[in-house]
Amino acid sequence: MSAPLVAIKGLRVSFDGQAALRGIDLDVAPGESVGLVGESGCGKSVTWLAALGLLPGRASISGSVKLDGQELLPARPQVLDRVRGGRIAMIFQDPASSLNPVHRIGKQITEALRLHRGMDGPQARAEAKRLLDQVGIPDAARRLDAWPHELSGGQNQRVMIAIALAGRPELLVADEPTTALDVTIQAQILALLQDLRKETGMALVLISHDLGVVADSCERVCVMYAGRIVEQVPTARLFEAPAHPYTRGLLGALPPLHGPRRPLSAIPGSVPEPWAMPPGCAFAPRCAMHVSACDAAVPEPVGLARNHRAACIRATLPAPHPENAYA
Amino acid sequence: MMRFLASRLLRAAITIIMVVTFAFVVLRLSGDPAQIIMGADAPPEAVDAFRTAWGLDQPVWLQYFHYFGAIFQGDLGRSMRDGRDAIVLVTERIPATLALTIPALIIKLGLGIPAGITAALHRNSFIDRAVMLLAVAGFTVPSFVLGLLLVLVFAVQLGWLPSGGQESWRHAILPIITMGVGGAAVLARFTRSAMLEVLGQPYIRTASAKGVPWHAVVWGHALPNAAIPTVTIVGFMVGSLIAGAVVVESVFSWPGVGRLLVVAVANRDLAVVQCILLLVAATMVTANLVVDLLYGLLDPRLRNQPKRAAA
Numbered sequence: 001m002s003a004p005l006v007a008i009k010g011l012r013v014s015f016d017g018q019a020a021l022r023g024i025d026l027d028v029a030p031g032e033s034v035g036l037v038g039e040s041g042c043g044k045s046v047t048w049l050a051a052l053g054l055l056p057g058r059a060s061i062s063g064s065v066k067l068d069g070q071e072l073l074p075a076r077p078q079v080l081d082r083v084r085g086g087r088i089a090m091i092f093q094d095p096a097s098s099l100n101p102v103h104r105i106g107k108q109i110t111e112a113l114r115l116h117r118g119m120d121g122p123q124a125r126a127e128a129k130r131l132l133d134q135v136g137i138p139d140a141a142r143r144l145d146a147w148p149h150e151l152s153g154g155q156n157q158r159v160m161i162a163i164a165l166a167g168r169p170e171l172l173v174a175d176e177p178t179t180a181l182d183v184t185i186q187a188q189i190l191a192l193l194q195d196l197r198k199e200t201g202m203a204l205v206l207i208s209h210d211l212g213v214v215a216d217s218c219e220r221v222c223v224m225y226a227g228r229i230v231e232q233v234p235t236a237r238l239f240e241a242p243a244h245p246y247t248r249g250l251l252g253a254l255p256p257l258h259g260p261r262r263p264l265s266a267i268p269g270s271v272p273e274p275w276a277m278p279p280g281c282a283f284a285p286r287c288a289m290h291v292s293a294c295d296a297a298v299p300e301p302v303g304l305a306r307n308h309r310a311a312c313i314r315a316t317l318p319a320p321h322p323e324n325a326y327a
Numbered sequence: 001m002m003r004f005l006a007s008r009l010l011r012a013a014i015t016i017i018m019v020v021t022f023a024f025v026v027l028r029l030s031g032d033p034a035q036i037i038m039g040a041d042a043p044p045e046a047v048d049a050f051r052t053a054w055g056l057d058q059p060v061w062l063q064y065f066h067y068f069g070a071i072f073q074g075d076l077g078r079s080m081r082d083g084r085d086a087i088v089l090v091t092e093r094i095p096a097t098l099a100l101t102i103p104a105l106i107i108k109l110g111l112g113i114p115a116g117i118t119a120a121l122h123r124n125s126f127i128d129r130a131v132m133l134l135a136v137a138g139f140t141v142p143s144f145v146l147g148l149l150l151v152l153v154f155a156v157q158l159g160w161l162p163s164g165g166q167e168s169w170r171h172a173i174l175p176i177i178t179m180g181v182g183g184a185a186v187l188a189r190f191t192r193s194a195m196l197e198v199l200g201q202p203y204i205r206t207a208s209a210k211g212v213p214w215h216a217v218v219w220g221h222a223l224p225n226a227a228i229p230t231v232t233i234v235g236f237m238v239g240s241l242i243a244g245a246v247v248v249e250s251v252f253s254w255p256g257v258g259r260l261l262v263v264a265v266a267n268r269d270l271a272v273v274q275c276i277l278l279l280v281a282a283t284m285v286t287a288n289l290v291v292d293l294l295y296g297l298l299d300p301r302l303r304n305q306p307k308r309a310a311a
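First to last, the protein sequences are chains A and B. One point on numbering: in the working numbering, the residue at position 148 of the first sequence is 148, and numbering is uninterrupted. One point on numbering: in the working numbering, the residue at position 303 of the second sequence is 303, and numbering is uninterrupted.
Be aware that one or more of the hints could be misleading.
[To be verified] Which residues of chain A face chain B? A partial, calculated answer using Cβ under 8 Å:
#1 Val79
#2 Asp81
#3 Arg84
#4 Gly85
#5 Gly86
#6 Ser97
#7 Ser98
#8 Leu99
#9 Gly118
#10 Trp147
#11 Ile163
#12 Thr235
#13 Phe239
[Said to hold, decoys possible] Straight-line alpha carbon distances no greater than 25 Å define the calculated SDA-like cross-link-like pairs of lysine to any residue that follow:
#14 A:Lys107 x B:Ala216
#15 A:Lys107 x B:Leu199
#16 A:Lys107 x B:Gly200
#17 A:Lys107 x B:Asp299
#18 A:Lys107 x B:Val26
#19 A:Lys107 x B:Leu223
#20 A:Lys107 x B:Leu10
#21 A:Lys198 x A:Gly136
#22 A:Lys129 x B:Arg301
#23 A:Lys107 x B:Val247
#24 A:Lys107 x B:Gln201
#25 A:Lys129 x B:Gly200
#26 A:Lys107 x B:Leu302
#27 A:Lys107 x B:Val60
#28 A:Lys107 x B:Phe154
#29 A:Lys107 x B:Gly220
#30 A:Lys107 x B:Arg303
#31 A:Lys9 x A:Glu39
#32 A:Lys107 x B:Leu293
#33 A:Lys9 x A:Arg262
#34 A:Lys107 x B:Leu298
[To be verified] The following label-pair restraints were derived from C-beta to C-beta distances:
#35 A:Ala293 x B:Arg301: 19 to 27 Å
#36 A:Asp139 x B:Arg303: 16 to 24 Å
#37 A:Pro268 x B:Val136: 44 to 52 Å
#38 B:Pro213 x A:Ala293: 33 to 41 Å
#39 B:Pro213 x A:Ser64: 36 to 44 Å
#40 B:Leu152 x A:Glu273: 41 to 49 Å
Read the hints as simulated data drawn from the structure, not as lab findings. By construction, the Cβ of each residue, glycine as well, lies at the ideal position given by its N, Cα and C atoms.
Whenever a hint applies, use it, and build me the whole structure from the sequences.
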């Protein structure tokens, strides 16, 4: 991998003493697309909200987040304001409530243009119109004067993407960008993100609970469980050689599009609560491959192949067939 | 827009008529003005003559009918005590009341809103706790208790300010503070919760995520949204400019509309009481109407509702 654009090391976050992130190590290279998957509450969004200083004050954060070698944890507010929306942009799950209801669409886009590209007046407006065109909003000139409530959810998400593009970011973090949208709109938004990445060369971090969505859009996938990354794997290898039992469990729960029909498997049990974490591997109580050594210590990630690492002491063992893993 | 305005005006008129009718009936059922004004020792013939002179011997529905007929000719009746026009009696008291309520309103807004915003921005900090402690104290203490307390300290003990009357601007200070403090406390709490609600919204995070500096997030993104619920309570305060000083005017012997109301009710001076209630209802209804129009100005979602409903 080339020198990382963003390098996250040992990132830990806790809320009121309850750990939400328990040591995240993650690099994002310029222009690459990384997927972050896991169940709700596993820390996917918190990772990036913490990296950009967007968590509420009661969160306590430690570790390191470097952007091109510059430390962001902590950074002065002026530095963070330049980074946010300028070098790293972020879009969120619920587009309808993510736009300010009392400001027109155009104003919300030109605000970012003024902050990051020094544009004002007719110049900013013309650029805002171009951005709306770029994200595929029809009749862009007129839409600049629309209010968020006058647009559909999908259109609002396109507006959010236009705002994100306004600062010409090197990295776009899309936090569950399609979860609140209809399935057909989901596909359009994901395709739009892919096209924009090709056009602009920016890196993309796609946060999703949906392994299918991530696999379609990303070169690399990070699987998160209970505040840690348990497996990092190139997407091509994800389906061929999943190493962590949790990843295998997620894959077993996906209905296959091709081949014979098989019963979907479910992972038994549920994610441990933050105040009742097992002493060793957090997944151990639910794991079909569990042995007593799993409870001794938190497993360190081990390299299995190029760009493929898994935090499991049994990851090198051959995978049981997904059908049998949780039979 | 015109349809919206017309329907609100109609509702306003109905509200005023209901208030006036209610007052008319209750006043006539709850005591005999003739007996009260003439005194307990008055000879029965004199009391009867008084009743006939003021039309009190007629059935209530007929009196009501006459009353309404007169209103539409601009006649709000005369005081039974000194025979002067009720409307003149009331309007000449309005400046005195406004001299208290307008400065008090300025204190409420100038103290309450900034305090609420500051508390919300420093949630759970010492500042927040201090502001909220003062606010709870401010609106749980009834205004007559606070008024008497201020008199005790600043008039009786320290001798700095007069305890009552209307001779100079110094007489107005204690009543204005008494009213201002309670209202500022209510407004501070309200503004704080409106602000906290808004600060937790996703669009505030969006603004931060696009690099807007925090002070600009507060001014440009949070405040315009928090203003929407706050306008309701400010509208209510504006609506009570005329009638909101009943207790304080009584405590400080301030000759405004509020004190006139207390005296007129005690005397069953029907025309005066009704005239004041009509005025109060009209100001309150007007303030509400203005608030409704302001909602549309502040919140585009409400502005477009009638259009969308029609589509």
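| query | So which hints don't hold here, by number, going up? | reply | Hint check: 1, 9, 12, 13, 18, 20, 23, 25, 27, 28, 33, 35, 38, 39 and 40 fail, others pass.
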